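**Student:** Next come the chains, spelled out residue by residue.
There are 2 protein chains.
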Amino acid sequence: MQQGLIPNVSVDCVVFGFDFTNLNVLLIERNISIDGTNYADLKLPGDLIRLDEDLDDSAARILIENTGLSNIYLKQFKSFGSPERLKRKQRDLEWLRKIDHPEEHVITIAYYSLIDISEQRSSDLILSDNASWCPVHEVTDLVMDHMDILKGALEHLRIELLNKPIGFELLPDKFTLSQMQKLYEVILGTTFDKRNFRKKISSMKYLIPLNEKQVGVAHKPARLYIFSREVYTKTKRDNFDFSV
Amino acid sequence: MQQGLIPNVSVDCVVFGFDFTNLNVLLIERNISIDGTNYADLKLPGDLIRLDEDLDDSAARILIENTGLSNIYLKQFKSFGSPERLKRKQRDLEWLRKIDHPEEHVITIAYYSLIDISEQRSSDLILSDNASWCPVHEVTDLVMDHMDILKGALEHLRIELLNKPIGFELLPDKFTLSQMQKLYEVILGTTFDKRNFRKKISSMKYLIPLNEKQVGVAHKPARLYIFSREVYTKTKRDNFDFSV
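Quick mapping for you: the protein sequence lines, in order, are chains A and B.
The first sequence begins at 1 in the numbering used here and counts up one residue at a time.
The second sequence begins at 245 in the numbering used here and counts up one residue at a time.
Some hints here could point you the wrong way.
Claimed, not checked - With the Cβ distance kept under 8 Å, some of the chain B side facing chain A (calculated, not the full set):
#, residue
1, V253
2, S254
3, L295
4, D296
5, E297
6, D298
7, L299
8, I316
9, S323
10, I351
Hints are computed from structural coordinates only; laboratory data are not their basis.
If you're wondering where the values come from, they're calculated on a predicted model, not measured in any experiment.
Ideal Cβ placement from N, Cα and C applies to all residues, glycine included.
Given the sequences, and given the hints that come with them, work out the whole structure.
**Tutor:** Shown next as structure tokens:
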């Protein structure tokens, strides 16, 4: 009886995978058959939380169960709770009826993550059969309000990238400025003029040039840089810090 | 039957009120009588959300119903969902039994706000009888996990203050550097050496000195400043901006 009177709570996970070519998002298939036609709609990994679970634990469990991925750091970023969020599309309504929850209202707590899925690191990222990486710019339709959740996570990610040094975790320890530019371009979904980009980052004192160049590349080897967290922390503090 | 099997969802509101003397938080009393003794425990404004409500609407409704305050901009900042969050203290257990929800698990979506409650602006902030402003530094105990929620909101507020120009919304249009220092001291809960503070803010190009001084003050009138959002936006962009 209470079903329908109080909302359920779920967790949805937006896992971004970066591979230097694309910013991808981890999606799973929701298969439904209506009047003899099979549909494989795409959705974010997600499920109802259990009563005895803490939210973060719930997110970790749901990600493993849905996609096979474990040990991924997930960060809560926003809850979505419009009463209409599950009911805007006909196929979602059919699906709710099929699983016997036609009147369900579910508030979802959304988590996100950004991980390196480039070749050298992706060997231990084995996905379940119905999970796959899709380039974010190719995702045009997801079930229910999952497009809104994806957009919210993307906005969150881009603000983080512009305000915190999270990008450097995806670069090799020693990297070229071209690699750095590529990372910003892929995650922000844009392209930069090389000279403007270099001018912009020339003020970043925490980018330390090395007396080392790339080796084993076909083109003219470029200078390597490291990111100094120490300098970053110090210059950030100089800027606008009132901590005692 | 479903009660106890799926969690309820609530909204809790952390409304900070700034008055140049203290950073206050809006609290309400939860009255309970146990074995003939009356207790007036303090809690954050909060309640269960309704099934047909969007989360932001729910927060606004609950704030009005609990405290009488309307038209306050509330921002969602985090959800709290530890299964034990309601059950750590004996009086909370008694209270849950009294309202007939002994097994309830409630996930709460927390909102926060920062408003000006100094004399000249507080005339339209009429509170309900059981609601009151308490200086944050005097709050040592709240019901359930509300201290955790308050601490989370405070941390969020301080990070915002150090990274965004939210403080200027609480200052008069023309202000002195002493007023600005006081604002940072009150919200960050600390004190600054005057010279160090001035040195720190001398790099903020968006603080524009005027050819005007205070009038009608007993002490030596100080220079007035304005905050330029235009310069702030521009210098912020120069710093670390890759927008196209």
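**Student:** Now tell me if each hint is right for this structure.
**Tutor:** Taking the hints in turn, this is what the structure says about them:
1. The beta carbon of B:V253 is positioned within 8 Å of a beta carbon in chain A (closest approach about 5 Å), and the interface hint is therefore held.
2. Because the smallest distance between the Cβ of B:S254 and any Cβ of chain A comes to about 11 Å, over 8 Å, the interface hint for this residue is violated.
3. Taken as an interface hint, B:L295 checks out: its beta carbon lies about 5 Å from the nearest beta carbon of chain A, inside 8 Å.
4. For B:D296, the suggested interface contact is upheld, since its CB lies about 5 Å from the closest CB of chain A, less than 8 Å.
5. Residue-level restraint check for B:E297 holds (minimum Cβ-Cβ distance to chain A is 7 Å; threshold 8 Å).
6. Taking 8 Å as the C-beta contact cut-off toward chain A, the hint placing B:D298 at the interface holds, the least distance being around 5 Å.
7. The beta carbon of B:L299 is positioned within 8 Å of a beta carbon in chain A (closest approach about 4 Å), and the interface hint is therefore held.
8. Annotation: B:I316 was flagged as interfacial toward chain A, and the flag is violated, the nearest CB pair being 19 Å apart, outside 8 Å.
9. At a threshold of 8 Å, the smallest CB-CB gap from B:S323 to chain A is about 5 Å, leaving the interface hint in force.
10. The interface hint given for B:I351 is met, as the beta carbon of that residue sits about 5 Å from the closest beta carbon of chain A, less than 8 Å.
Going through the hint list in order, the structure does not satisfy hints 2 and 8.
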